[in-house]
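Undergrad: Top to bottom, those sequences are chains A and B. Sequential numbering from 1 applies to the first sequence in my numbering. Sequential numbering from 256 applies to the second sequence in my numbering.
Think of the hints as simulated: they come from the structure by calculation, not from any bench. These numbers come from a predicted model, not from an experiment. Take these hints with a grain of salt, some might be off.
[Said to hold, decoys possible] Cut-off 30 Å, straight-line C-alpha distance, at most; resulting in silico cross-link-like pairs (BS3-like, lysine-lysine):
{"#": "1", "chain 1": "A", "residue 1": "K95", "chain 2": "A", "residue 2": "K250"}
{"#": "2", "chain 1": "B", "residue 1": "K505", "chain 2": "B", "residue 2": "K350"}
{"#": "3", "chain 1": "A", "residue 1": "K95", "chain 2": "A", "residue 2": "K82"}
{"#": "4", "chain 1": "A", "residue 1": "K250", "chain 2": "B", "residue 2": "K350"}
{"#": "5", "chain 1": "A", "residue 1": "K250", "chain 2": "B", "residue 2": "K337"}
{"#": "6", "chain 1": "B", "residue 1": "K505", "chain 2": "A", "residue 2": "K95"}
{"#": "7", "chain 1": "A", "residue 1": "K250", "chain 2": "B", "residue 2": "K505"}
{"#": "8", "chain 1": "B", "residue 1": "K337", "chain 2": "B", "residue 2": "K350"}
{"#": "9", "chain 1": "B", "residue 1": "K505", "chain 2": "A", "residue 2": "K82"}
[What the hints assert, rightly or not] Using C-beta positions, here's what the derived DEER-type ranges look like:
{"#": "10", "chain 1": "B", "residue 1": "P262", "chain 2": "A", "residue 2": "I130", "range": "30 to 36 Å"}
{"#": "11", "chain 1": "B", "residue 1": "D338", "chain 2": "A", "residue 2": "D188", "range": "21 to 27 Å"}
{"#": "12", "chain 1": "B", "residue 1": "E391", "chain 2": "A", "residue 2": "P236", "range": "33 to 39 Å"}
{"#": "13", "chain 1": "B", "residue 1": "A298", "chain 2": "A", "residue 2": "S234", "range": "28 to 34 Å"}
{"#": "14", "chain 1": "B", "residue 1": "D402", "chain 2": "A", "residue 2": "I97", "range": "45 to 51 Å"}
[As the list claims (entries may be wrong)] Under 8 Å between C-beta atoms, here's a sample of chain A residues computed to sit facing chain B:
{"#": "15", "residue": "L21"}
{"#": "16", "residue": "R167"}
{"#": "17", "residue": "Q175"}
C-beta: ideal position from N, C-alpha, C; glycine also.
The chain contents come next:
Number of protein chains: 2
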Amino acid sequence: MSNAPPPVLTIHPLAGLPEVLPGDDLAALLCDSAARAGLALAAGDVLVVAQKVVSKAEGARIALAGVTPSQRAREWAGQWGKDPRQVEVVLRESKRILRMERGILIAETRHGFVCANAGVDLSNSGGEDIAILLPEDPDRSAGLLRDAIRRRTGVDTGVIVADSFGRPWRQGLTQAALGVAGLAPLLDLRGERDTEGRPMHVTVIAVADELACAADLACGKTRRIPAAVIRGYSGPARDGNGRELLRPEKEDLFR
Amino acid sequence: MSNAPPPVLTIHPLAGLPEVLPGDDLAALLCDSAARAGLALAAGDVLVVAQKVVSKAEGARIALAGVTPSQRAREWAGQWGKDPRQVEVVLRESKRILRMERGILIAETRHGFVCANAGVDLSNSGGEDIAILLPEDPDRSAGLLRDAIRRRTGVDTGVIVADSFGRPWRQGLTQAALGVAGLAPLLDLRGERDTEGRPMHVTVIAVADELACAADLACGKTRRIPAAVIRGYSGPARDGNGRELLRPEKEDLFR
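Starting from the given sequences, assemble the full structure and let the hints guide the process.
TA: Structure (structure tokens):
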């Protein structure tokens, strides 16, 4: 082991993006924001981007005016004071409903994410009665952003597309990495031994989720900052994807 | 709103602590480590400390040699190749067992945390057959550390005592804030409106968990760094505690 002091990490918010519209070049908007902040992207930087702006750029949205709610959506929406068209979209985006009670709908999305409302969101959606969906393939979204940033800047960055998810047992939302490119989402220490030589057998760290959480701290209290760059993080030298963060159903004790 | 650029956050690992022993002055060890790194603690810094060193300094440990396992502990340990004395300690630390299957024991601790093995840990425990327990009262631990740091440095820091917890549905561990002092663990945006004036109704962010996750990124791949200082985080001007992060059972859909 080297005796060099461990590096300091820095988290740089990327502010000042305009309202993102379908077809926008999100990589260009993010690189412009970094340039305005005096930040030249460097190899190894990890760019964390909010799912919502990725979805907006990709046009992953649906106008509620064109949605005809099913009877199930109408009944549940009526019972809990929801918009039945929004509930219909949530049901369509779901592979399975885990809980549907007390006005809360926890779903497993088509991708395999377990979250409230299947990730369908009406706030800050860019228009009245527009629902923003999760990206169709968040790993592909992350990979395309990474490619576009490399073309613009010449450097290889890690990219994480992140969203805020609730958790059982604990209050409040934290960030989850949905799509990952250019970095390993899991740090697997299972081959390692602790300082006393005892195997550290259940130690796999979800570093991509931790990176997404770290980036969220830079968003500030007004939450108008959709991305941040983390510099100084040194993870495993392996690329991976966000699907690695999904626990297989057969290994999940709570599904 | 000000037009000042949003601040950059920095995460400073605190390395080089000796093996922590019962009765050690952990605040002194952490302040010494910061000094060696050239870091003068400043008001508003958030110090995140691994639960394990807090427990070690507090003597929250038990020698397995003195533990007589119950029949339930012996049966389950035998079935899954565990140490029956360790299983016995886990059962004693638990208020309730949520899952006990496939060799995995998910418990609600006396404090109300839901985690594997009720937080009882044999790795890096500082001795053969020593189990480290969670601190008796992590909020008190955080508060005492905060007081001791103030006495040493004259500055008010936030303090988080953190541990790595698994989650349902997702692979890998992330950090959870067990004890909190000198900062608000939740950022409540429910009174806020989004940029289109629509209420952001389910938006409460578990910032203390996100801070703990951010600090974990500074631990490096060898995991020998038990604490980090986060600088530049600006949260709500309110003190809180780690108990706020525990979802009441009646509001929990997965218990």
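Undergrad: If a hint holds in the structure, say so; if it doesn't, say that too.
TA: Hint-by-hint comparison with the structure:
1. A/K95 - A/K250: holds (16 Å)
2. B/K505 - B/K350: holds (16 Å)
3. A/K95 - A/K82: Holds. A/K95 to A/K82 sits at ~21 Å (cutoff 30 Å).
4. A/K250 - B/K350: Roughly 27 Å between the alpha carbons, so the hint for A/K250 and B/K350 holds.
5. A/K250 - B/K337: The hint holds at about 22 Å.
6. B/K505 - A/K95: Answer holds: B/K505 to A/K95 is near 27 Å, not above 30 Å.
7. A/K250 - B/K505: holds (27 Å)
8. B/K337 - B/K350: It holds: about 21 Å lies between the C-alpha atoms, which stays within 30 Å.
9. B/K505 - A/K82: holds (22 Å)
10. B/P262 - A/I130: 30 to 36 Å: Since B/P262 and A/I130 have Cβ atoms about 32 Å apart, the given range 30 to 36 Å holds.
11. B/D338 - A/D188: 21 to 27 Å: holds (24 Å)
12. B/E391 - A/P236: 33 to 39 Å: holds (36 Å)
13. B/A298 - A/S234: 28 to 34 Å: At roughly 30 Å between Cβ atoms, A/S234 and B/A298 fall inside 28 to 34 Å, so the hint holds.
14. B/D402 - A/I97: 45 to 51 Å: holds (48 Å)
15. L21: For A/L21, the interface hint is violated, since the closest Cβ of chain B sits about 14 Å away, which is over 8 Å.
16. R167: Constraint on A/R167 satisfied, holds at 6 Å.
17. Q175: holds (7 Å)
In this structure, only the earlier hint numbered 15 is contradicted, and the remaining ones agree with it.
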